[in-house]
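J.: Listed in order, the protein sequences are those of chains L and P. Every letter in the first sequence is one number past the one before it in our numbering, and letter 83, counting from 1, is 94. Every letter in the second sequence is one number past the one before it in our numbering, and letter 75, counting from 1, is 86.
Careful: at least some of the hints might be erroneous.
No copy labels: a pair is met if it fits in one copy or bridges any two.
With a straight-line cut-off of 27 Å between C-alpha atoms, the simulated DSS-like cross-links for lysine-lysine are [to be verified]:
#: 1; residue 1: K69; residue 2: K116
#: 2; residue 1: K116; residue 2: K66
#: 3; residue 1: K199; residue 2: K233
#: 4; residue 1: K202; residue 2: K233
#: 5; residue 1: K233; residue 2: K69
#: 6; residue 1: K41; residue 2: K66
#: 7; residue 1: K116; residue 2: K202
#: 8; residue 1: K233; residue 2: K66
#: 9; residue 1: K233; residue 2: K116
#: 10; residue 1: K163; residue 2: K142
#: 11; residue 1: K163; residue 2: K233
#: 12; residue 1: K199; residue 2: K163
#: 13; residue 1: K69; residue 2: K142
#: 14; residue 1: K116; residue 2: K142
#: 15; residue 1: K163; residue 2: K66
#: 16; residue 1: K199; residue 2: K116
#: 17; residue 1: K41; residue 2: K69
#: 18; residue 1: K66; residue 2: K142
Calculated from the structure, these hints are not laboratory results.
Each chain, written out:
Protein chains: 2
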Amino acid sequence: LRNPACTQALSAATDWVGYDLYLDLASDVKQAQTEYRFPLGGEEARVRYAIELAKQGKNVALVCSGDAGIYAMAALVYEIIDLEPNRIMVEVVPGISAFQAAAAKAGAMIGHDFCCISLSDLLTPWAVIEKRLHAAAEGDFVIAFYNPRSLKRRDQLERAFAILNNHRPPDTPVIIASNLGRPTEAVKIVKFSDFNPDDVDMLTLVMVGSSQSRAMQRGDGKTYAYTPRGYAKKREMQ
Amino acid sequence: LRNPACTQALSAATDWVGYDLYLDLASDVKQAQTEYRFPLGGEEARVRYAIELAKQGKNVALVCSGDAGIYAMAALVYEIIDLEPNRIMVEVVPGISAFQAAAAKAGAMIGHDFCCISLSDLLTPWAVIEKRLHAAAEGDFVIAFYNPRSLKRRDQLERAFAILNNHRPPDTPVIIASNLGRPTEAVKIVKFSDFNPDDVDMLTLVMVGSSQSRAMQRGDGKTYAYTPRGYAKKREMQ
Numbered sequence: 012l013r014n015p016a017c018t019q020a021l022s023a024a025t026d027w028v029g030y031d032l033y034l035d036l037a038s039d040v041k042q043a044q045t046e047y048r049f050p051l052g053g054e055e056a057r058v059r060y061a062i063e064l065a066k067q068g069k070n071v072a073l074v075c076s077g078d079a080g081i082y083a084m085a086a087l088v089y090e091i092i093d094l095e096p097n098r099i100m101v102e103v104v105p106g107i108s109a110f111q112a113a114a115a116k117a118g119a120m121i122g123h124d125f126c127c128i129s130l131s132d133l134l135t136p137w138a139v140i141e142k143r144l145h146a147a148a149e150g151d152f153v154i155a156f157y158n159p160r161s162l163k164r165r166d167q168l169e170r171a172f173a174i175l176n177n178h179r180p181p182d183t184p185v186i187i188a189s190n191l192g193r194p195t196e197a198v199k200i201v202k203f204s205d206f207n208p209d210d211v212d213m214l215t216l217v218m219v220g221s222s223q224s225r226a227m228q229r230g231d232g233k234t235y236a237y238t239p240r241g242y243a244k245k246r247e248m249q
Numbered sequence: 012l013r014n015p016a017c018t019q020a021l022s023a024a025t026d027w028v029g030y031d032l033y034l035d036l037a038s039d040v041k042q043a044q045t046e047y048r049f050p051l052g053g054e055e056a057r058v059r060y061a062i063e064l065a066k067q068g069k070n071v072a073l074v075c076s077g078d079a080g081i082y083a084m085a086a087l088v089y090e091i092i093d094l095e096p097n098r099i100m101v102e103v104v105p106g107i108s109a110f111q112a113a114a115a116k117a118g119a120m121i122g123h124d125f126c127c128i129s130l131s132d133l134l135t136p137w138a139v140i141e142k143r144l145h146a147a148a149e150g151d152f153v154i155a156f157y158n159p160r161s162l163k164r165r166d167q168l169e170r171a172f173a174i175l176n177n178h179r180p181p182d183t184p185v186i187i188a189s190n191l192g193r194p195t196e197a198v199k200i201v202k203f204s205d206f207n208p209d210d211v212d213m214l215t216l217v218m219v220g221s222s223q224s225r226a227m228q229r230g231d232g233k234t235y236a237y238t239p240r241g242y243a244k245k246r247e248m249q
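Pulled out of the complex, with its shape left as it was, chain L reads as follows:
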């Protein structure tokens, strides 16, 4: 799913900066680039390192997975440049984020209005997250949850589902997707009322349907979920 603009940017770069695993995922493009591998976490140090290299005149690829603009490094690059202005040129190359890959594998759940919410309260106060959860519940959005668990806290999903409970029918489809795009990829669909937060680890994306989302079993034995855009209504009116 890596688009040619991304491959081209990786190829043109003199230096790659990124989390260890993400650089491994780009290894098929590697030529003479110097790699700077960072452990998970410490995002600010990683971004500052990339900016410093760029200020030295290097063509730096700050490698992310998914979409660099979505819960990834692009915002932090701009945040640091805003604090400490410089003259480096920045280009953000978009990519396929986990919620898109999960929805595509599981059918077409994001066929109508949706939102993405990170449940990590490391950088966002829980009160803000909770306000968003209430809004998303009341607005009847399809909701993709990023960072559904952290090492320190495990009750975020439980709280989120408690808030959604009054706003979604018990049979609302929920997608549980882990290790997307990797050999161990697993995507399954359960009913809202059957969802068990213990099935979810840090690397899992969870997506809850709107009140309109539907699940169906097909001839291959698999369950698929989709959110109709309203063509049924249009047919009724004709």
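Since chain L is already given, all that's left is putting chain P on it; use the hints.
T.: For chain P alone, coordinates are given in the frame of chain L:
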């Protein structure tokens, strides 16, 4: 931005079905495929045509722009299969949707929680759209508006901004992006208080920041917008 999985699916197909312009955009991949070109609108006829071809044993590419799963044909395929079950195999290939391309060009506006709302009331009652607008306003999401205008109605954006008015500071950045990825591409950032719905046509994507989104002018004279994830707070705490 077309990813290799998409190019591969186009290439493997025996038949292409799609809106005229989208098939033009795939012409670099074209070999011996039979094309079925449809005018804009009439989505259901187009999807039914693709399904009928697939039922005849053809390998059909139903060509969309952006992400086939986001306000595009994938949901309608599943909706029709749910009404009239069949045994065709469906694979959805995700892509870069307009809100991602717009955010990337304009900086990193979707660096924190966001939602997508279609303002078209052709298929969705305006009351439902309005409920989502209130929810997105109160939840302080970054909001991407699809279908900001239709031929018949021109006041959707005005109403949406009126709802947001009490929830966003006047200097909240708004991205106005048109003709993304085409030679006539235009992306600009204005302040919420300066936004003029008349600058927007049917092919434009409009994205409004959250209360945390910021705009900055850089050395190239251009304005960029981003939504911080909260690393500033982390720095304060250290």
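J.: Could you place K199 and K233 in one of the four classes (within, between, both, neither) given a Cα distance threshold of 27 Å?
T.: within (9 Å within a copy, 44 Å between copies)
J.: Give the relationship of K202 and K233 under a CA distance limit of 27 Å: within one copy only, between copies only, both, or neither.
T.: Answer is within; shortest intra-copy Cα gap is 14 Å, inter-copy 47 Å.
J.: With identical chains, the pair K116 and K142 could be close in the same copy or across copies; at 27 Å between alpha carbons, which is it: within, between, both, or neither?
T.: Answer is neither: 30 Å inside a copy and 29 Å across each miss the 27 Å cutoff.
J.: With identical chains treated as interchangeable, where does the CA-CA distance between K233 and K116 reach 27 Å or less: within a copy, between copies, both, or neither?
T.: within (11 Å within a copy, 38 Å between copies)
J.: For K199 vs K116, is the C-alpha pair at or below 27 Å within one copy, between two copies, both, or neither?
T.: Classified as within; 9 Å inside a copy, 34 Å across copies.
J.: Between K199 and K163, at a C-alpha cutoff of 27 Å, which is it: within one copy, between copies, both, or neither?
T.: Close inside one copy (26 Å), not across copies (41 Å); limit 27 Å.
J.: Given a CA cutoff of 27 Å, do K69 and K142 count as a within-copy pair, a between-copy pair, both, or neither?
T.: neither (42 Å within a copy, 48 Å between copies)
J.: Between K66 and K142, at a C-alpha cutoff of 27 Å, which is it: within one copy, between copies, both, or neither?
T.: neither (40 Å within a copy, 47 Å between copies)
J.: Have a look at K41 and K69 and pick one of within, between, both or neither, based on CA distance no larger than 27 Å.
T.: Classified as within: same-chain Cα gap 16 Å, cross-chain 38 Å, threshold 27 Å.
J.: Within, between, both or neither: how does the pair K163, K142 come out at a Cα-Cα threshold of 27 Å?
T.: within (21 Å within a copy, 35 Å between copies)
J.: Measure nothing new, just compare the shortest in-copy and cross-copy C-alpha distances for K116 and K202 to 27 Å and report within, between, both or neither.
T.: within (17 Å within a copy, 38 Å between copies)
J.: How do K233 and K66 come out at 27 Å by Cα distance, when the copy is not named: within, between, both, or neither?
T.: between (51 Å within a copy, 19 Å between copies)
Consistency with the previously given hints fails for numbers 11, 13, 14, 15 and 18, ordered from lowest to highest.
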